[in-house]
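Engineer: These are the residues of each chain, in order.
Number of protein chains: 2
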Amino acid sequence: MPKTPALNARSALAFAHDLADRSGAVTLRYFRKDISVANKLCDGGFDPVTAADEAAERVMANRVARTFPHHGIIGEEYGTTGNDARYRWVFDPIDGTRAFIMGQPMWGTLIGLLDGDEPILGIMNQPFTGERFWASQDAAHYRLGEGRAKRIKTRRGVKLSSAILTTTHPDLFTVARDAKAFARLAEKVRMTRYGGDCYNYSLLAAGHIDLIVEVDLKPHDIVALIPIVERAGGVISTWAGQPAINGGRIIASGDKKLHQAALKILNR
Amino acid sequence: MPKTPALNARSALAFAHDLADRSGAVTLRYFRKDISVANKLCDGGFDPVTAADEAAERVMANRVARTFPHHGIIGEEYGTTGNDARYRWVFDPIDGTRAFIMGQPMWGTLIGLLDGDEPILGIMNQPFTGERFWASQDAAHYRLGEGRAKRIKTRRGVKLSSAILTTTHPDLFTVARDAKAFARLAEKVRMTRYGGDCYNYSLLAAGHIDLIVEVDLKPHDIVALIPIVERAGGVISTWAGQPAINGGRIIASGDKKLHQAALKILNR
Chain A
36 MPKTPALNAR
46 SALAFAHDLA
56 DRSGAVTLRY
66 FRKDISVANK
76 LCDGGFDPVT
86 AADEAAERVM
96 ANRVARTFPH
106 HGIIGEEYGT
116 TGNDARYRWV
126 FDPIDGTRAF
136 IMGQPMWGTL
146 IGLLDGDEPI
156 LGIMNQPFTG
166 ERFWASQDAA
176 HYRLGEGRAK
186 RIKTRRGVKL
196 SSAILTTTHP
206 DLFTVARDAK
216 AFARLAEKVR
226 MTRYGGDCYN
236 YSLLAAGHID
246 LIVEVDLKPH
256 DIVALIPIVE
266 RAGGVISTWA
276 GQPAINGGRI
286 IASGDKKLHQ
296 AALKILNR
Chain B
36 MPKTPALNAR
46 SALAFAHDLA
56 DRSGAVTLRY
66 FRKDISVANK
76 LCDGGFDPVT
86 AADEAAERVM
96 ANRVARTFPH
106 HGIIGEEYGT
116 TGNDARYRWV
126 FDPIDGTRAF
136 IMGQPMWGTL
146 IGLLDGDEPI
156 LGIMNQPFTG
166 ERFWASQDAA
176 HYRLGEGRAK
186 RIKTRRGVKL
196 SSAILTTTHP
206 DLFTVARDAK
216 AFARLAEKVR
226 MTRYGGDCYN
236 YSLLAAGHID
246 LIVEVDLKPH
256 DIVALIPIVE
266 RAGGVISTWA
276 GQPAINGGRI
286 IASGDKKLHQ
296 AALKILNR
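First to last, the sequence lines map onto chains A and B. Using this note's numbering, read the first sequence as starting at 36 and increasing by one per residue. Using this note's numbering, read the second sequence as starting at 36 and increasing by one per residue.
Treat the hints as calculated values from the structure; they're not laboratory data. The model shown is predicted, which means the values in this text are computed figures rather than measured ones. Any given hint could be a false lead.
[What the hints assert, rightly or not] Here are some chain A residues the structure puts well away from chain B; computed CB gaps all over 12 Å:
{"hint": "1", "residue": "42"}
{"hint": "2", "residue": "115"}
{"hint": "3", "residue": "140"}
{"hint": "4", "residue": "155"}
{"hint": "5", "residue": "223"}
{"hint": "6", "residue": "281"}
[As the list claims (entries may be wrong)] Examples of chain A residues toward chain B, derived with CB under 8 Å:
{"hint": "7", "residue": "133"}
{"hint": "8", "residue": "230"}
{"hint": "9", "residue": "280"}
[Said to hold, decoys possible] Result set (DSS-like, lysine-lysine): computed pairs, CA atoms no more than 30 Å apart in a straight line:
{"hint": "10", "chain 1": "A", "residue 1": "291", "chain 2": "A", "residue 2": "188"}
{"hint": "11", "chain 1": "A", "residue 1": "188", "chain 2": "B", "residue 2": "68"}
{"hint": "12", "chain 1": "A", "residue 1": "223", "chain 2": "B", "residue 2": "68"}
{"hint": "13", "chain 1": "B", "residue 1": "291", "chain 2": "A", "residue 2": "215"}
{"hint": "14", "chain 1": "B", "residue 1": "185", "chain 2": "B", "residue 2": "215"}
{"hint": "15", "chain 1": "A", "residue 1": "185", "chain 2": "A", "residue 2": "299"}
{"hint": "16", "chain 1": "B", "residue 1": "223", "chain 2": "A", "residue 2": "215"}
{"hint": "17", "chain 1": "B", "residue 1": "194", "chain 2": "B", "residue 2": "215"}
{"hint": "18", "chain 1": "A", "residue 1": "223", "chain 2": "A", "residue 2": "292"}
{"hint": "19", "chain 1": "A", "residue 1": "185", "chain 2": "B", "residue 2": "68"}
{"hint": "20", "chain 1": "A", "residue 1": "215", "chain 2": "A", "residue 2": "185"}
{"hint": "21", "chain 1": "A", "residue 1": "292", "chain 2": "B", "residue 2": "185"}
Idealized CB from N, CA, C, for every residue including glycine.
Input sequences plus hints: build the corresponding full structure.
Structural biologist: Structure follows, in structure tokens:
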């Protein structure tokens with residue numbers, strides 16, 4: 036493999052924002068449409084979320100192939116290409132499928148970029164509310180609609196007893212040991228809430244949620260969110276304290292001490 | 036009590052929309068603000084959601100007192116006044132407290148109007164997303180931002196096995212019998228999701244959710260939503276099939292047959 040020159044970080048981020056704009060236009064065509072409408076849009080298919088997922092990923096993958104033909108892609112719908120490339124784009128066109136299906140705005144499009152095994156940029160785009168959360172090289176940002184970008188930071192200094200904890204669904208924990216670990220943690224916090232997916236990681240980065248604990252995540256569920264959480268001041272790792280990049284059992288925290296305290300309870 | 040002349044339905048609805056505009060401006064000042072900010076806004080209080088609730092209800096109650104001095108008010112924060120009036124306004128400034136606290140947009144302001152025991156109009160306003168759902172005399176409507184109002188209808192002809200079911204939280208069912216009844220129903224449907232409150236009732240009215248099952252609702256949680264669900268073609272009642280106006284154990288369905296099927300399972 037020829038040595039790939041380093042990408043310009045600013046132009047890579049601008050490219051990623053363009054992917055978010057384009058994929059958002061696609062996913063919105065399918066959001067809150069009934070099956071008969073979706074059916075017309077996707078030529079006889081019956082599943083609006085799958086149709087939206089595929090169409091949005093195709094748009095993003097085509098842009099990457101044209102602009103960065105030597106980059107790899109890790110997608111949700113079309114799998115992995117160019118896995119030995121230095122740079123790999125990681126897409127989850129609709130993270131939060133259940134929310135999407137039932138018309139709730141708590142889903143998002145995830146766009147990440149790996150340099151080797153390092154997530155170097157991330158975007159979470161929610162086109163219905165017009166919210167975008169992203170990580171540049173050294174900070175995390177938020178923009179609502181055409182508003183100005185603001186830096187976001189996690190909430191610090193929160194004790195476990197004051198923390199707000201979220202996870203996807205109570206049935207997520209199919210392994211009894213994991214379910215017990217989550218229940219131990221849920222008992223210690225101020226409030227637990229279910230549902231949210233990538234939207235919750237973004238709210239954690241913005242200082243509104245303190246802890247997220249999940250299992251069975253795929254790389255495309257998490258890669259884009261890692262730099263957003265970390266550059267907002269948060270911590271994200273596996274339950275074993277390892278890098279989150281491969282997914283699996285994931286914990287994200289707004290505060291380092293809180294992360295340690297929660298890990299201790301999960302791994303008791 | 037002197038006989039109260041009938042209100043003009045159109046002007047009552049216009050008045051209610053004005054309440055939604057005004058209360059929305061208030062609640063947004065507190066949404067996604069950290070405690071220190073909320074603290075300044077509410078003169079030393081420490082609970083942004085309570086502060087927002089109180090301020091928004093005060094704005095609405097003051098308008099009613101000035102415009103319709105003979106009307107009663109059933110509020111969440113300040114209790115009931117004028118309970119023997121023919122017309123009573125029913126307010127829940129922030130329905131979906133947990134969502135509000137953690138920055139999720141799935142809360143709303145509920146504005147209902149009772150003529151005797153009959154809910155004659157209802158509004159669910161979500162000021163962050165700019166969504167408004169409401170019931171006029173004979174139809175249910177939706178508007179996004181400055182967009183045009185659209186009629187909304189529930190999804191019909193859905194079988195239990197294809198239905199999307201929601202409830203507030205798995206811990207909602209503190210009575211074992213209720214928890215078992217909900218679990219029986221959850222087993223039969225396609226998908227169950229937690230969280231949503233008034234936002235879910237609105238999505239049910241708009242045809243995206245099929246069933247909502249809850250317990251321990253207060254009148255202010257439900258009165259405004261009854262005409263929205265009913266005029267969109269849905270059914271809403273207690274688990275015993277009685278009018279939902281007093282709250283308690285509530286079930287809402289997009290389809291009459293589905294409602295009957297779900298009631299049967301709940302009451303087995």
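Engineer: If a hint holds in the structure, say so; if it doesn't, say that too.
Structural biologist: Hints, verified against the model:
The beta carbon of residue 42(A) is kept farther than 12 Å from every beta carbon of chain B, the shortest such distance being approximately 32 Å. Every CB of chain B lies more than 12 Å from the CB of residue 115(A), the least distance being 29 Å, so the non-interface label holds. Not every C-beta of chain B lies more than 12 Å from that of residue 140(A), the closest at about 6 Å, which undercuts listing it as non-interface. Every C-beta of chain B lies more than 12 Å from that of residue 155(A), the closest at about 26 Å, which supports listing it as non-interface.
A cut-off of 12 Å between C-beta atoms confirms that residue 223(A) is not in contact with chain B; the least separation is 15 Å. The beta carbon of residue 281(A) is kept farther than 12 Å from every beta carbon of chain B, the shortest such distance being approximately 27 Å. Because the closest C-beta pair between residue 133(A) and chain B is about 6 Å apart, less than 8 Å, the hint holds. Annotation: interface hint on residue 230(A) holds; nearest CB of chain B at approximately 5 Å, less than 8 Å.
Below 8 Å, beta-carbon pairs count as interface contacts, and residue 280(A) has none with chain B, the closest being about 26 Å; its hint is therefore violated. The hinted pair formed by residue 291(A) and residue 188(A) meets the criterion: a straight-line CA distance of about 13 Å does not exceed 30 Å. Simply put, residue 188(A) and residue 68(B) have alpha-carbon atoms about 13 Å apart, close enough for the 30 Å limit, and the pair holds. Proposed proximity of residue 223(A) and residue 68(B) is supported: the alpha carbons are some 24 Å apart, at most 30 Å.
A distance of roughly 40 Å separates the Cα atoms of residue 291(B) and residue 215(A); the hinted pair therefore is violated under the 30 Å criterion. The suggested pairing of residue 185(B) with residue 215(B) is violated, with an alpha-carbon distance near 39 Å, which exceeds 30 Å. Restraint check for residue 185(A) and residue 299(A): not satisfied, since their Cα atoms lie roughly 34 Å apart, outside the 30 Å limit. About 26 Å separates the Cα atoms of residue 223(B) and residue 215(A), which keeps this hinted pair within 30 Å; it holds.
This hinted pair checks out: residue 194(B) and residue 215(B) have alpha carbons roughly 21 Å apart, not beyond 30 Å. Proposed proximity of residue 223(A) and residue 292(A) is supported: the alpha carbons are some 15 Å apart, at most 30 Å. Among the hinted pairs, residue 185(A) with residue 68(B) is consistent with the structure: their alpha-carbon atoms are about 14 Å apart, no more than 30 Å. Between residue 215(A) and residue 185(A), the direct Cα distance comes to roughly 39 Å. Violation of the 30 Å bound is thereby established for this hinted pair.
Taking the CA atoms of residue 292(A) and residue 185(B), the gap is about 49 Å. The hint is violated against a cut of 30 Å.
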